[in-house]
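Residue numbering for the sequence shown follows my numbering, beginning at 1 and increasing consecutively.
Among the hints, a few may not be true.
[What the hints assert, rightly or not] PhoX-like cross-link-like pairs, simulated, lysine-lysine; straight-line CA separation at most 25 Å: (1) Lys110 / Lys27; (2) Lys264 / Lys279; (3) Lys254 / Lys264; (4) Lys261 / Lys110; (5) Lys234 / Lys140; (6) Lys36 / Lys110; (7) Lys78 / Lys234; (8) Lys140 / Lys231; (9) Lys59 / Lys110; (10) Lys140 / Lys123; (11) Lys76 / Lys88; (12) Lys136 / Lys208; (13) Lys123 / Lys261; (14) Lys279 / Lys88; (15) Lys123 / Lys231; (16) Lys36 / Lys78; (17) Lys234 / Lys99; (18) Lys78 / Lys123; (19) Lys53 / Lys11; (20) Lys135 / Lys99; (21) Lys123 / Lys70; (22) Lys140 / Lys76; (23) Lys11 / Lys110; (24) Lys206 / Lys136.
Everything labelled a hint here was simulated from the structure, so no lab data went into it.
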Amino acid sequence: MPIEMENLHEKIAEVRSHILDLYNENKELYDENDIKRILHEDYLIERDLLIRKSIKDTKEMLPAALRFRKELNVSKLKAVDFPLEFHKLAIVFHSGSDKEGNGLIYLRLKHYRRVKELEHLFKQFLLYHIDELDKKTQQKGMAIVMDFRSTGLVNVDMELMWFLLRALIQYFPYAFNQCYLYQLSFVYRSIWSAIQRLLPVELLQKMKMVNDKTIFDYIDPQNLPLFMGGKCAKNFYQLPQNCITASEMGFSEKEYQNYLKVYKYQLEECERESKQLAKNELNSY
Numbered sequence: 001m002p003i004e005m006e007n008l009h010e011k012i013a014e015v016r017s018h019i020l021d022l023y024n025e026n027k028e029l030y031d032e033n034d035i036k037r038i039l040h041e042d043y044l045i046e047r048d049l050l051i052r053k054s055i056k057d058t059k060e061m062l063p064a065a066l067r068f069r070k071e072l073n074v075s076k077l078k079a080v081d082f083p084l085e086f087h088k089l090a091i092v093f094h095s096g097s098d099k100e101g102n103g104l105i106y107l108r109l110k111h112y113r114r115v116k117e118l119e120h121l122f123k124q125f126l127l128y129h130i131d132e133l134d135k136k137t138q139q140k141g142m143a144i145v146m147d148f149r150s151t152g153l154v155n156v157d158m159e160l161m162w163f164l165l166r167a168l169i170q171y172f173p174y175a176f177n178q179c180y181l182y183q184l185s186f187v188y189r190s191i192w193s194a195i196q197r198l199l200p201v202e203l204l205q206k207m208k209m210v211n212d213k214t215i216f217d218y219i220d221p222q223n224l225p226l227f228m229g230g231k232c233a234k235n236f237y238q239l240p241q242n243c244i245t246a247s248e249m250g251f252s253e254k255e256y257q258n259y260l261k262v263y264k265y266q267l268e269e270c271e272r273e274s275k276q277l278a279k280n281e282l283n284s285y
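Please build the complete structure, drawing on both the sequences and the hints.
See below:
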């Protein structure tokens, strides 16, 4: 049944009642914070109805999204829940917006390495940034900037990539408006040519391949970080107060040392970049 604007309030009430029934039947499957938001924030249901075009689909997929959020503990995640090293690497951060007003999340894939012990935590880290930006932008939506420069086989993690795409398609379809594939490396070009055939048309339409010149067609230089050729000198290495290391979070010494070994070069490079950005900020005053 297509959604019509004139009966939107009735549809929101119907979906809300359906979700509350599901919650009362199996409270352990849903997060109470998410349910409170469903009760009081109409736009959470409205945008899902408008993007899915069908009340039947919303009554199926919105509860599924809420269960996914509970499984990954999304609503309770805070910056300090992640090791200091995650923030120092700034593989994922959100900052600024594109020309269409979409909030921007950056993925600096050259700094990423797959570490088995950290896989679940890094998925939560991705979702934390998506959820934080979604709260800030509300109905404006977001875009993902995937920076593929200097990437090779060591940076490839198809399981993580599919996880991100599935989360955006199934659980954040109302928020995900664009994905900028920035300077695909040779390795990723080969991968992209294979996986794009598996993606739905509506997702492919949101993917834009851009380079160091065409990126400015979509993002103003003032909103693009210096490391991508923009003029935004904001220090995106935000280290939360009271944030602790992976070792202090309970990882074994062996796991921690392996983690530091894998990321040694990236941590050193990011430390230099962070200091330079901090210096630039001081000089701008």
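These are the hints, each one checked on the structure:
1. Lys110 / Lys27: Answer violated: Lys110 to Lys27 is near 41 Å, above 25 Å.
2. Lys264 / Lys279: Holds: Lys264 and Lys279 sit about 23 Å apart, inside 25 Å.
3. Lys254 / Lys264: At roughly 15 Å apart (the allowed maximum being 25 Å), Lys264 and Lys254 satisfy the hint.
4. Lys261 / Lys110: 16 Å, holds
5. Lys234 / Lys140: Answer holds: Lys234 to Lys140 is near 22 Å, not above 25 Å.
6. Lys36 / Lys110: Given that 25 Å is the threshold and the Cα spacing comes to 39 Å, the pair is violated.
7. Lys78 / Lys234: 22 Å, holds
8. Lys140 / Lys231: 23 Å, holds
9. Lys59 / Lys110: 39 Å, violated
10. Lys140 / Lys123: 24 Å, holds
11. Lys76 / Lys88: 22 Å, holds
12. Lys136 / Lys208: Measuring from Cα to Cα gives roughly 24 Å; hence the hint holds.
13. Lys123 / Lys261: 21 Å, holds
14. Lys279 / Lys88: 16 Å, holds
15. Lys123 / Lys231: Not OK: Lys123 and Lys231 at ~30 Å, beyond 25 Å, violated.
16. Lys36 / Lys78: Distance of about 18 Å is within 25 Å: holds.
17. Lys234 / Lys99: Roughly 18 Å separates the two Cα atoms, so the pair holds.
18. Lys78 / Lys123: 14 Å, holds
19. Lys53 / Lys11: 11 Å, holds
20. Lys135 / Lys99: It holds: about 19 Å lies between the C-alpha atoms, which stays within 25 Å.
21. Lys123 / Lys70: 14 Å, holds
22. Lys140 / Lys76: Holds, because 23 Å separates the two Cα atoms, which is no more than 25 Å.
23. Lys11 / Lys110: With a Cα-Cα distance of about 45 Å, the restraint between Lys11 and Lys110 is violated, given a limit of 25 Å.
24. Lys206 / Lys136: 21 Å, holds
Going down the numbered hints, you'll see the structure goes against 1, 6, 9, 15, 23, while the others check out.
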